[in-house]
Amino acid sequence: MTYAWLIPALPAASFIILLFLGKRFGKWSHFVSVGAILSAFAISSFILYQVIGGRGSEVLIPWLSIGELDLNVGILIDRLTAVMLMVVTSVASLVQIYSVGYMKEDRRYHWYFACLSLFTAAMLMLVLSANYVQMYASWELVGLCSYLLIGFWFEKKAAADAAKKAFVTTRIGDVGFLLGLVVLYYAVGNLDVGSVLAARLAPAVATAASLLLFLGAMGKSAQFPLHVWLPDAMEGPTPVSALIHAATMVAAGVYLVARSYPIFAASGVAMDVVAGIGAVTALMAATIALVQRDIKRILAYSTISQLGLMMIGLGVGAYSAAVFHLTTHAFFKALLFLGAGSVIHSAHTQDIFEMGGLAKKMKGTAFTFAVGGLALAGFPGLSGFWSKEGILTAAFVKGAYPVFAAALLTSLLTAFYVGRLYFVVFTGSMRKNMQAKVHESPLAMVAPLAVLAFPAGLVGLIGSPLFGNAFQGFLRLGESGEHVNLMVMGLSIAVALAGLGFAWIKYSTGLLPSGLIKTSNPFFLLLKNKYYLDEIYTRGLVAPVVGGSRALFSFDSGVVDGAVNGTAWLTSKAGDLVRRAQRGQIQDYGLVMVLGIIVLIFWMLTFARL
Amino acid sequence: MSGPELVVFSLLGLAGVGSAVAVVSGKDLFRSTLFFGSFLLSVAGLYFTLEASFVGIMQIFVYVGGVVVMILFGIMLTQQEGARLNASLERRLTVAGPVALLAGILIAAIMTTSFKTVREVPGVDIATLGKLFTNDYVLPFEIVSVLLLAALVGAVVVAKEREK
Amino acid sequence: MGLEYYLALSAIFFGIGLYGALTRRNAVAVLLSIEIMLNGATLNLVSFSRFTPAKSTGQVFTLFIMAVAAAEVAVGLALVFALYRAAKTVDVDEIDMLRG
Amino acid sequence: MNVDFTAGSLLVPAAWGLGFVLFSALNVMFLVWMERKVSADIQSRWGPMVRGYHGSMQLLADMVKLLIKEDILPAAADKKMFALAPFLVFIPALLALLVLPIGPGLIARDMGVGLVYYLAVPSLASIGIFVAGWSSGNKYSTLGGMRSAAQLISYEIPRSLSVLGVVMLAGTLSMMGIVNAQKSLWFIIPQILGFLVYYIASIAEVGRTPFDLPEGESELVNGYFTEYSGMRFSFFMMGEYVALLVACLMGAVLFLGGWRGPFGLLPQLGPVWLLLKAYALVYVAMVVRWTLPRYRIDQLLEISWKVLLPISLINVALTAAIVFVGGEWLRGLLG
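Chains as they are written, first to last, in this note's numbering: chain A, 1 to 610; chain B, 1 to 164; chain C, 1 to 100; chain D, 1 to 335.
The hints are simulated quantities; they were obtained by calculation from the structure and are not laboratory data.
There's no promise every hint is true.
[What the hints assert, rightly or not] Here are the simulated DSBU-like pairs of lysine-lysine, each with C-alpha atoms no more than 35 angstroms apart in a straight line: (1) 164(A) x 104(A); (2) 27(B) x 183(D); (3) 23(A) x 164(A); (4) 88(C) x 37(D); (5) 131(B) x 306(D); (6) 79(D) x 88(C); (7) 160(B) x 88(C); (8) 183(D) x 131(B); (9) 69(D) x 37(D); (10) 361(A) x 157(A); (11) 160(B) x 306(D); (12) 306(D) x 88(C); (13) 573(A) x 88(C); (14) 139(D) x 183(D); (15) 139(D) x 79(D); (16) 363(A) x 506(A); (17) 104(A) x 23(A); (18) 104(A) x 506(A); (19) 139(D) x 27(B); (20) 160(B) x 37(D); (21) 27(B) x 88(C); (22) 27(A) x 156(A); (23) 88(C) x 183(D); (24) 80(D) x 27(B).
Work out the full structure: start from the sequences and follow the hints.
Printed below as a string of structure tokens:
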């Protein structure tokens with residue numbers, strides 16, 4: 001399986017080609033990048049096939065040696081990797097194809113595809129890393145690419161700000177990741193993934209290392225309280241959002257925890273923290289999603305919420321269920337985002353209350369969106385249902401009842417806001433100003449939707465009890481997942497249907513009075529303002545830092561620069577003084593020479609009488 | 001120095017000093033150059049009194065007949081109407097002080113030093129000089145000839161008008 | 001005792017030439033002054049060759065100095081011409097292209 | 001240096017000086033008359049015939065005329081320099097007579113470096129010419145002066161080199177020594193190249209046609225002495241003729257055996273022989289003057305640098321070779 005290095009190498013090559021020749025390729029740039037990612041997809045499929053056949057590999061190449069630290073780079077292929085490769089390459093392929101239609105008019109077309117290729121390459125490298133340092137490098141590269149892509153339309157201040165916010169916020173987590181690596185290095189003496197995971201760590205070390213690693217995951221996977229960048233990241237092009245939310249950026253955090261699972265499992269505290277953070281995140285994001293009006297923001301909060309669920313799964317020990325949810329979520333969230341992109345593309349707005357009745361004009365989009373939405377809502381039989389089911393069951397069986405309750409409540413809220421989103425956007429009457437311009441999106445956009453609809457709807461089946469929890473069994477090397485708990489399943493079905501039903505009543509039938517919840521309701525305002533977290537950060541963190549920086553700046557410009565400028569001033573004045581002697585007048589020099597000779601003669605006469 | 005010698009020396013010395021002063025202080029460059037010529041002739045006369053007749057003749061031949069005429073050419077070709085020849089009075093005084101001091105120190109040093117002199121070193125004839133040039137000092141002689149050639153070529157190159 | 005007189009005279013010549021070299025504003029006049037200084041030096045040499053046993057070396061060197069002076073004047077005048085063409089002046093106060 | 005201020009020792013130089021002045025004045029008078037006669041002869045006319053025998057007193061009349069003419073001082077002239085210039089031209093030519101051997105033991109001052117003295121001193125006239133041209137305050141005069149100086153400098157080099165052969169053969173720079181060395185063979189025979197170069201260069205130095213560019217009437221009005229008149233003008237005239245005479249006298253001394261008669265004939269007539277030889281050379285110069293057209297300035301410089309200088313260098317090399325190879329034989333030949 002040595003050819004596996006081709007998987008990240010192909011998109012990386014595509015990036016380099018587009019970087020230097022992109023301008024020349026112009027509107028044909030996508031052939032390079034789509035070709036590369038499709039090839040990577042094909043290779044990934046083959047690798048998955050081989051891994052299912054029971055083969056895995058770890059290739060390590062010595063990279064550099066710094067003192068005691070021997071760094072290796074390499075490619076680690078196991079079942080988790082194979083699954084992640086499939087998820088990343090397939091979603092990335094579809095997103096790129098979709099982008100061909102979505103970004104057609106953009107003048108930095110080639111640069112967009114170059115960044116997308118690099119983003120994908122970085123993510124694939126991250127997934128394939130056989131060494132934590134290598135993984136960290138890829139991790140940073142992913143962060144950089146997200147910065148480039150979120151800020152792709154950097155002419156817009158909001159986009160540029162969002163890019164900076166994403167970058168800075170995730171950096172906080174990155175520091176944790178780095179410190180975690182330091183701890184691991186001191187504990188293990190080596191940062192190869194295989195040897196780190198195989199090491200038996202003391203509980204305290206495991207707790208410290210895993211919590212630090214989790215800090216990194218919190219940043220990348222937008223866990224409370226580092227989630228604030230993700231909604232803002234909607235300023236990037238919609239396909240980028242799809243990619244970030246489904247396959248690359250946010251999946252990186254979950255992947256990191258999943259990859260390092262043995263370390264987490266060695267520390268009960270860490271597991272509890274992961275589950276707790278996940279629960280808080282899931283519930284918080286779901287509640288915020290209830291009141292958002294921006295279609296992409298709703299989806300963004302739902303992503304955060306679902307990521308919280310995955311963390312819950314990891315926290316309660318349902319490793320395979322969490323990865324399973326990551327997989328199913330990747331597909332249906334990609335589907336939803338691409339669908340949202342299709343809607344925005346034709347409606348030219350992101351406010352759901354300015355839309356309505358779009359289903360009539362955009363049948364394909366509406367249908368696929370419905371599939372994705374139902375999957376997200378946990379509609380029985382669709383993929384989201386099965387994966388969420390596994391997490392809920394695990395939480396319940398483990399006896400983590402508060403977490404279980406939070407997850408269940410999240411499911412209810414999820415079903416409700418998904419229903420709200422769908423019914424407001426696609427049913428009801430169409431606005432007047434919409435009628436003329438709304439149209440179905442081009443084939444390049446709809447086709448990926450259609451393609452994605454199948455895995456989004458059905459991929460859950462491979463992990464369902466109907467198929468004997470094959471997915472979980474595959475990940476956990478034959479061991480099957482949790483046994484079906486009928487009560488949990490019943491509760492799950494009930495909350496999903498209840499949420500959807502209530503949404504249907506509220507937004508589609510008009511049975512409930514519209515002013516039921518006043519917009520001045522403090523709770524509503526709290527949600528609407530996302531628990532004022534941004535404001536708290538601004539006041540509590542940014543303001544002091546900025547104030548301190550200002551003080552330091554004035555010290556710097558006043559005292560430090562003053563000293564430097566003073567020196568410069570002194571030098572230049574001294575130079576002016578000395579320059580007088582250097583007038584370019586040989587006769588002046590001659591006069592000075594005469595004086596010097598006189599002095600010399602006197603000196604000789606007085607002290608050195610010959 | 002005997003009386004008549006002292007008279008000749010004084011006359012030549014006065015002529016030299018007077019000419020030299022005229023050279024460095026005159027307002028007219030052309031006249032300065034002529035005074036330079038008379039200065040050179042005075043020095044040539046001093047050489048004759050020093051029994052260095054060949055050097056004196058060469059002084060006339062090379063300096064008066066060559067250098068002075070060349071400088072006259074230079075003046076003719078670069079003459080400017082109303083150009084000031086002297087620096088400001090302030091500057092002249094500033095320079096005169098140290099220079100006078102230097103000359104004074106030198107003269108004082110010369111007068112208070114007792115040199116090991118030999119009276120009546122017979123004047124060397126030209127044949128002896130020629131032998132010195134072609135034996136003891138043949139290398140400097142050749143170098144000077146190369147220098148003259150270089151100066152010849154260099155002067156032509158430097159002074160030549162650049163062709164546009 | 002004649003040597004001292006000649007040496008003193010050459011010192012006076014040297015001083016006069018030095019004064020001129022430092023005060024004259026015209027490049028040609030500066031050249032003249034430098035020649036006066038040179039003559040002071042050569043007079044010194046010839047005097048020593050007359051009054052000290054080191055036979056006639058002073059004369060030989062004076063002749064060398066004459067040759068060098070002639071070369072110097074030739075090149076110096078060429079430079080003055082070039083300068084005059086470039087700056088339209090031979091006033092050394094105005095020629096300060098090297099000024100920092 | 002042996003300085004002697006006794007009355008007797010002062011008298012001798014004074015007598016020599018007076019003799020030189022009288023000698024040159026008389027000769028100038030004769031030369032001017034001779035020139036007019038030669039030119040008339042060449043042009044097939046009589047020349048001055050009225051005053052004296054065949055106009056021999058013509059120059060006296062001319063002198064009187066010049067003396068009583070108005071002495072014009074140009075307004076733009078530098079008056080002191082203007083007055084000084086004629087003397088600066090005349091005196092160097094006169095000073096050259098100091099080293100002229102007139103007869104056996106008959107010489108004003110037999111310097112060890114006599115020949116160099118002769119080469120150096122007359123060339124100082126170029127400064128006088130420069131001064132004359134510059135002080136006139138007239139651009140034609142200035143140009144003429146510069147031309148003249150350029151000409152003098154450039155012809156000084158071949159002239160100096162041309163006599164090197166003589167020095168090599170004679171083995172001395174003393175004029176008397178040179179005459180003595182020609183006891184049995186005049187140097188014109190081994191030094192024919194040197195003689196030709198010397199003669200041509202001398203004519204050029206004196207500034208006579210065909211080398212009279214500095215005073216070319218058609219180009220420069222009358223060269224450096226355009227503004228001169230009366231007595232001052234006559235000084236230039238005198239200076240020129242004295243210079244011509246001195247050049248020819250020295251030519252006779254250097255190449256034609258000086259005061260020696262041909263084949264040792266009548267040694268008692270030493271000074272007469274010398275004068276005869278010199279006048280023969282002067283006659284040739286005059287014939288040349290009235291026969292040949294004037295050269296252009298570029299031709300003039302070209303002749304100096306490209307013809308005379310190489311020839312004289314070749315002469316020096318040949319003579320050096322002869323002296324080196326056949327020193328003994330030569331000494332025997334020269335006695």
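For each hint, the structure was consulted:
no., hint, result
1, 164(A) x 104(A), "holds, 26 angstroms"
2, 27(B) x 183(D), "violated, 56 angstroms"
3, 23(A) x 164(A), "holds, 26 angstroms"
4, 88(C) x 37(D), "violated, 52 angstroms"
5, 131(B) x 306(D), "holds, 31 angstroms"
6, 79(D) x 88(C), "holds, 29 angstroms"
7, 160(B) x 88(C), "holds, 16 angstroms"
8, 183(D) x 131(B), "holds, 27 angstroms"
9, 69(D) x 37(D), "holds, 25 angstroms"
10, 361(A) x 157(A), "holds, 33 angstroms"
11, 160(B) x 306(D), "holds, 20 angstroms"
12, 306(D) x 88(C), "holds, 34 angstroms"
13, 573(A) x 88(C), "holds, 34 angstroms"
14, 139(D) x 183(D), "violated, 51 angstroms"
15, 139(D) x 79(D), "holds, 16 angstroms"
16, 363(A) x 506(A), "holds, 23 angstroms"
17, 104(A) x 23(A), "holds, 15 angstroms"
18, 104(A) x 506(A), "violated, 38 angstroms"
19, 139(D) x 27(B), "holds, 22 angstroms"
20, 160(B) x 37(D), "violated, 47 angstroms"
21, 27(B) x 88(C), "holds, 20 angstroms"
22, 27(A) x 156(A), "holds, 23 angstroms"
23, 88(C) x 183(D), "violated, 60 angstroms"
24, 80(D) x 27(B), "holds, 15 angstroms"
Figure legend: structure checked against the earlier numbered hints; hints not met, in rising order: 2, 4, 14, 18, 20, 23.
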